[in-house]
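Chain residues, written in single-letter form:
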Amino acid sequence: MRTRFGNAVVHDGVTLAVERGEVFALAGASGCGKSTLLREMILLQRPDGGSIRVLGTDLEGLDEERALALRRRWGVMFERGGLFSSLTVAENVELPLREHTRLSERLVSELAALKIALAGLPADAARKYPAELSGGMRKRAALARALALDPELLFLDEPTAGLDPLSAGGFDELVRRLKELLGLTLLIVTHDLDFLWRVADRVAFLVAGRVVGIGTMEDLSHSEEPLVREYFHGPRGRAAKEQPWNPR
Amino acid sequence: MNEELRADVRVEGGTVRCIGTWTASELGGVDRCLPRLALPSRGDVVVDATGVHAFDLAGVWMLRSAVRALEERGQRADLRIRPEHAGLLEMVSALGLSAPPVEAPPTPGLLARVGASTLSIGRESIGVLAFLGHSARTAAHGFTHPALIRWRAVLHNVQAAGFDALPIVGLLSFLMGVVIAYQGGTQFRRYGANIFVADLVGFAMLRELSPLLTAIIVAGRSGSAFAAQIGTMKVTEEVDALQTLGISPTALLVLPKVLALAIALPLLTVYADAAGVLGGMIQARAELSVSWSDFLDRLVKAIHLKDYLVGVGKAPVFAGIIGSIGCYHGFQVSADAEGVGRRTTTSVVHSVFLVIVVDALFSVAFSVLGI
Chain H
133 MRTRFGNAVV HDGVTLAVER GEVFALAGAS GCGKSTLLRE MILLQRPDGG
183 SIRVLGTDLE GLDEERALAL RRRWGVMFER GGLFSSLTVA ENVELPLREH
233 TRLSERLVSE LAALKIALAG LPADAARKYP AELSGGMRKR AALARALALD
283 PELLFLDEPT AGLDPLSAGG FDELVRRLKE LLGLTLLIVT HDLDFLWRVA
333 DRVAFLVAGR VVGIGTMEDL SHSEEPLVRE YFHGPRGRAA KEQPWNPR
Chain X
3 MNEELRADVR VEGGTVRCIG TWTASELGGV DRCLPRLALP SRGDVVVDAT
53 GVHAFDLAGV WMLRSAVRAL EERGQRADLR IRPEHAGLLE MVSALGLSAP
103 PVEAPPTPGL LARVGASTLS IGRESIGVLA FLGHSARTAA HGFTHPALIR
153 WRAVLHNVQA AGFDALPIVG LLSFLMGVVI AYQGGTQFRR YGANIFVADL
203 VGFAMLRELS PLLTAIIVAG RSGSAFAAQI GTMKVTEEVD ALQTLGISPT
253 ALLVLPKVLA LAIALPLLTV YADAAGVLGG MIQARAELSV SWSDFLDRLV
303 KAIHLKDYLV GVGKAPVFAG IIGSIGCYHG FQVSADAEGV GRRTTTSVVH
353 SVFLVIVVDA LFSVAFSVLG I
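Residue numbers (the working numbering), protein chains in the order written: chain H, 133 to 380; chain X, 3 to 373.
Among the hints, erroneous ones may be present.
[As the list claims (entries may be wrong)] To spell it out: a stretch of chain H is covered by chain X in this simulated footprint if at least three of its residues, at any positions, have a beta carbon under 8 Å from a beta carbon of chain X; those stretches are:
#1 234 to 240
#2 245 to 252
[To be verified] Facing chain H, a subset of chain X residues (Cβ under 8 Å, in silico):
#3 T25
#4 A26
#5 D58
#6 L90
#7 A337
These aren't lab readings, by the way, just hints derived from the structure by calculation.
Ideal Cβ placement from N, Cα and C applies to all residues, glycine included.
Please construct the entire structure, taking both the sequences and the accompanying hints into account.
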């Protein structure tokens with residue numbers, strides 16, 4: 133797969149496959165092209181070369197109707213939330229349900245409350261506007277909205293960026309619960325090493341638009357590739373691995 | 003195959019049978035018919051959901067609501083589902099307990115809203131006064147220490163607000179002159195008083211229309227730009243950064259802009275005067291057969307210095323109004339997506355409103371003073 137913005141080549145020769153039911157992470161330093169790749173997977177951007185298949189459907193040449201059908205099967209959590217600032221949290225979560233299902237008002241608001249609770253938010257957060265929430269709560273609200281239509285596939289863009297360690301830890305737990313209980317497949321763009329160690333099944337490591345390693349965290353940490361070693365064996369990399377509580 | 007996908011629920015004797023795909027997109031029909039379903043009214047009920055081959059949270063929630071409805075009536079409900087869905091049911095049951103339905107807060111009555119409006123107007127007025135006071139103090143400090151004024155920023159704003167506006171101000175003023183000459187000319191022609199079109203164009207443009215038109219254009223162009231620039235800086239925490247670096251945002255952001263407008267607007271007004279008179283002159287020549295020299299002769303006789311000065315003298319006042327309002331609204335921008343846009347629009351509306359009101363006041367004052 134290739135992507136170019138003018139003369140800047142963002143990706144060149146990226147190939148990867150994600151299995152159903154796994155937590156797959158795209159990792160790498162800032163500017164390596166992982167967010168762009170994510171945007172291409174969710175139909176926000178078109179690659180200049182190569183192809184992407186999501187849930188068995190090729191993304192190239194999709195008509196409006198089929199694109200919509202596909203969009204209803206996945207949920208996206210944006211890095212800065214993407215919550216609609218003029219709607220309360222509850223209204224944000226209810227929006228996809230209102231748009232794409234024909235359920236009654238009461239059921240829609242009950243289901244929204246359920247998703248808000250699932251994302252770990254207290255009940256009174258539902259009536260608040262996004263500007264009134266802290267950063268961690270805003271991310272959870274964005275996650276609740278991504279889960280509104282019970283998607284099979286969840287895309288998370290830097291879910292733990294800017295979160296304090298406690299909130300970030302809570303997020304790790306949440307992601308694991310979603311995978312186990314709902315059987316979700318998750319594709320997560322992150323550079324949070326703790327998160328990668330605790331949650332990711334497999335990781336694709338990107339450097340300057342190329343995949344330099346794919347595998348479990350264990351595999352990658354033993355990789356001979358110099359760029360991968362730099363990432364994993366720098367001081368923070370080692371610290372993240374050697375946590376005594378690391379369940380892996 | 004289609005039958006299998008449709009979500010359905012039926013009552014057969016003492017059993018409620020659920021079949022199909024119980025997911026959010028398919029449940030519309032079930033949601034509608036469930037309240038009307040003739041559930042057995044006595045005794046134990048078996049809720050058999052083993053015929054459902056796919057559940058999502060919505061489906062499980064619905065099932066659970068039905069079960070709870072039965073239990074609230076005092077009946078026992080024996081729920082059967084496929085083992086692979088048991089975990090989902092457990093999770094929803096646990097969550098459901100902690101997710102009471104969200105109640106909307108009551109909408110405030112008319113009186114409450116009037117009260118809230120009044121209070122917010124009061125608060126905003128206090129904010130405006132505070133802003134003006136602070137700006138005036140900074141300006142006074144600047145005048146006593148001219149070396150501290152950021153002349154580069156002033157000149158940059160003079161270019162942006164003044165020089166770059168020359169084409170649009172020139173064009174619109176020219177057209178206004180043409181329109182005035184045309185409208186007045188049709189009346190003058192009736193009495194053979196064509197030459198007085200010069201008086202009309204001169205008085206109208208120099209005293210009223212040029213200053214007003216120029217101020218409105220500049221309010222739309224530059225007033226909104228000030229609000230948007232400062233507003234965006236506020237949202238991105240740049241204003242906070244300035245303060246922590248010991249640089250007064252008022253001195254860096256507000257003062258150069260207002261000063262630049264105070265320099266540029268009078269100059270633009272003079273330029274607009276010339277363009278408007280030119281437009282009137284061309285129209286007079288074209289439609290009313292007033293030659294260039296006749297027109298200019300008459301203009302010089304009819305217009306006095308005070309007419310010119312009245313027009314140009316209003317410009318600094320307008321500049322102060324436009325600059326202050328634009329900057330004030332910029333600082334008031336809130337952190338949401340609509341904030342910058344809303345405040346930019348408000349600043350233009352307020353500026354134009356105040357400019358026209360002050361212009362009217364000037365007219366009254368001048369007529370009283372006989373100027």
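Verification of the hints:
With 5 residues bearing a CB less than 8 Å from a CB of chain X, the stretch 234 to 240 of chain H meets the requirement of three and the coverage assertion stands. Given a C-beta distance limit of less than 8 Å, the hint that chain X covers the stretch 245 to 252 of chain H holds, as 6 residues qualify and 3 suffice. The interface hint given for T25 (chain X) is met, as the beta carbon of that residue sits about 6 Å from the closest beta carbon of chain H, less than 8 Å. The criterion of a C-beta within 8 Å of any C-beta in chain H is met by A26 (chain X), whose closest approach is roughly 5 Å, and the hint holds.
Because the beta carbon of D58 (chain X) sits about 4 Å from the nearest beta carbon in chain H, less than 8 Å, this interface hint is met. Look at L90 (chain X): its Cβ gets to within about 7 Å of chain H, closer than 8 Å, so that hint holds up. Hint on A337 (chain X) holds. Least Cβ distance to chain H is approximately 6 Å, under the 8 Å limit.
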